[in-house]
Structure formats: structure tokens, C-alpha cells
Amino acid sequence: MLWGNEAIPMAKGSLFVAFICLWLAWIALTGSLNPQELGVGAIVAAFVAVISYKLLFHGGMREKFEPKRWGYALAYVPAYIWAELKAHASVIYRILHPRMPIKPGIVRVPTKLRSDFGITGLANAITMTPGTLSVEVNEEEPSLYVHWINVEAVEPEQTSRQIAWPFERFLRRIFR
Amino acid sequence: MIEIIAYILLGIGAFCAIVGSIGIVRFPDVYNRIHANTVVVVGGAIVMLLGASVLEGLSSYTLKILIIAFFIFLTNPVSAHAIARAAHKSGVKLWRRSVVDKLEEEKP
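Top to bottom, those sequences are chains A and B.
Mapping of the first sequence onto the working numbering: residues 163 to 338, in sequence order.
Mapping of the second sequence onto the working numbering: residues 21 to 128, in sequence order.
A hint or two may mislead.
Pair by pair, the computed Cβ-Cβ distance ranges are [what the hints assert, rightly or not]: (1) L78(B) / P263(A): 39 to 49 Å; (2) P197(A) / P48(B): 58 to 68 Å; (3) R323(A) / Y81(B): 16 to 26 Å; (4) D278(A) / I25(B): 32 to 42 Å.
Note that these hints are calculated values from the structure, not bench results.
For every residue, glycine included, the Cβ atom is placed at its ideal position computed from N, Cα and C.
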């Protein structure tokens, strides 16, 4: 056992599914159906699948392909792009304004997400939007310390609503 | 039509790259500069790559461009977060006119 929790039963075909996904990625990237390319791709995909399928599929196959989660993941994309656009406009305004109207500081942002993937996704989304940058994670009382370029509020409820909620309302459904 | 969309995306990318670079010079401390850096990476690099993929049309290059964009999308927040965390751990002070530093006050 390299990784993964042995207590969680692995779905039967997960090694095979991982292999197929990786092989398809290889074929798409090389963009050729030459048998030599396909052969090398199969070998590499099999190797990577054997060492990493537990990372990809721990927790079983059925919940990975639950349509509701994928629906929320799709709905997350436009919401994310909208948040990016607003954040870019605000930071570009601050850069170009002659007096540089910034009010930076580090605030604590509590989150209701509990899963590792959820918190990672939230921290990444916060960092990817200019204007907010996650600096540290507090695991005891799940919250992120976020550097905010224009601190509008310090109280945890306010920061959570303004910084985390646009992403959290999707992530809590996608990653539970 | 497709070309116009592509050139608009490339133009937005170039604009964001220049403005973000100005921001890296103007902003006062490392944490604020990372915000400007994010503008360069997301607004500059990723939007430019999207523009390039629109210009290319449907081909295997498009897929490669999109995968490059996706990997930038995955790796940039990790490195930005690592730089900020390392800076704070090693005691880099916030800008003197910063309003609050909760992390310093209630170190977890």
C-alpha cells in the first residue's frame, strides 16, 4: 500500500478506469494513432495507474460520478469566472489609481468545509482571485488566514461571507 | 469573427500583463505584490493562452494549450500560497500602513 486508506473499500474496476483515463490523455496529447505511440502510452499509463489509482479513487466509484456533484461543478465555472472578473477589475483599478487606494491586512476567514479537497479548493480559489491570498490554514477551527488587499471587515462572519461564500456555496456541494 | 474574439482575448492578456507588472513595482510589500502577480498569471498568461487556442481552432495544439493553461491554473495558487506562507513564517513584516494582522495576533 503506497497511499490511500485501507479501511475504505476500493471499487473493483478503479485501476482499470484510471488506466483508461490516463491512456486517453496520452492519446489526446500525442495526437497520433501510431501503434508505437499507443504501445508506449499503454506502458506509461499502466505504470502511473498502478502507483496512483488509490489517490484518484479512494472512497469508491459511485460517488465520484454522482451527477448532482458534476452539475454543481459545472455551475461553479461561470460563478468562478465572474468572481475572477470582478477581482481583476478591482485590483487593476488599485494599481492604476495615482493614490493607490489599498488597505491591506490579514484576516481570519472561517469555513464550514471539512474535507481536504474542499478546503484545498477554497484556498486555491481565494489565492487565484487577485486581491485575496490565503497565507495559512488553521486546522483546529477550520479557517484560513487571508491577506486581503482592501480590508472591509475583520469580524469572522463578515469575512467569511465576503471572501469565502461565493466559492464555498459550490464547493460544499461538490466535495462534501 | 473567431479571429476578432481571439485578438480581443490576446489584447486583454497583454493589458493585464502590463498592468500587473506595473503593480509589482508599485505595491509596497511582498503580500501585495503577489496580488499583482496573480493579475499577470490569470489575466495575462491564462487569458492569452485561451486566445491562442481560439486562434488555433480545433486541433491537437488547442488541447495542449488548454492543458498548459490548466496546469498554470493548478500550480500558481500553490506557489503563491507557499511564497506568502514562507514570507510570513520567516518574519517578513506587513506594510506599515496595513490595517490588521490576525495571523500574528492569534498564531495557530
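Practice task
Enumerate the violated hints, using their earlier numbering and listing them in ascending order.
Solution key: Of the numbered hints, just 3 does not hold.
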